[in-house]
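Enquirer: Per the numbering used here: the sequence shown = residues 582 to 657.
There's no promise every hint is true.
[Claimed, not checked] Simulated restraints on C-beta separations:
(1) 620 x 588: 24 to 34 Å
(2) 592 x 617: 50 to 60 Å
(3) 630 x 605: 37 to 47 Å
(4) 625 x 653: 48 to 58 Å
(5) 625 x 589: 28 to 38 Å
(6) 599 x 621: 40 to 50 Å
(7) 594 x 620: 46 to 56 Å
(8) 599 x 634: 47 to 57 Å
(9) 627 x 592: 47 to 57 Å
(10) 604 x 584: 51 to 61 Å
(11) 606 x 628: 25 to 35 Å
(12) 589 x 611: 40 to 50 Å
(13) 589 x 623: 35 to 45 Å
For the record, the hints were derived by calculation from the structure and aren't laboratory data. We treat Cβ as the ideally placed atom computed from N, Cα and C, and that holds for glycine.
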Amino acid sequence: MLYQLYQLWNIYRYILYLHGAYVACSFICWSLSTSYIYLAYMTTFFYVAQPVKQLEDKKDNKLNKLNKLNKLNKLD
582 MLYQLYQLWN IYRYILYLHG AYVACSFICW SLSTSYIYLA YMTTFFYVAQ
632 PVKQLEDKKD NKLNKLNKLN KLNKLD
């Protein structure tokens with residue numbers, strides 16, 4: 582009889598420890614994700630975004646040559 586009560590007591594303690602570990606891990610995950618959100622929000626006040634440089638269109642050399650030839654032909 583006492584041995585069975587002792588086993589029940591040990592099972593209860595293991596469940597309590599496992600539940601405590603689960604709650605602790607859940608709290609750590611929750612606090613880290615929440616603090617990350619607030620930290621990311623706060624950094625927007627101090628972060629100075631540099632403008633992104635845009636790509637320039639390639640200049641078509643053939644088109645420039647044709648324009649020059651047209652101008653020369655008009656002068657003739």
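Enquirer: Out of the numbered hints, which ones does the structure contradict?
Expert: 1, 2, 5, 6, 7, 10, 12, 13
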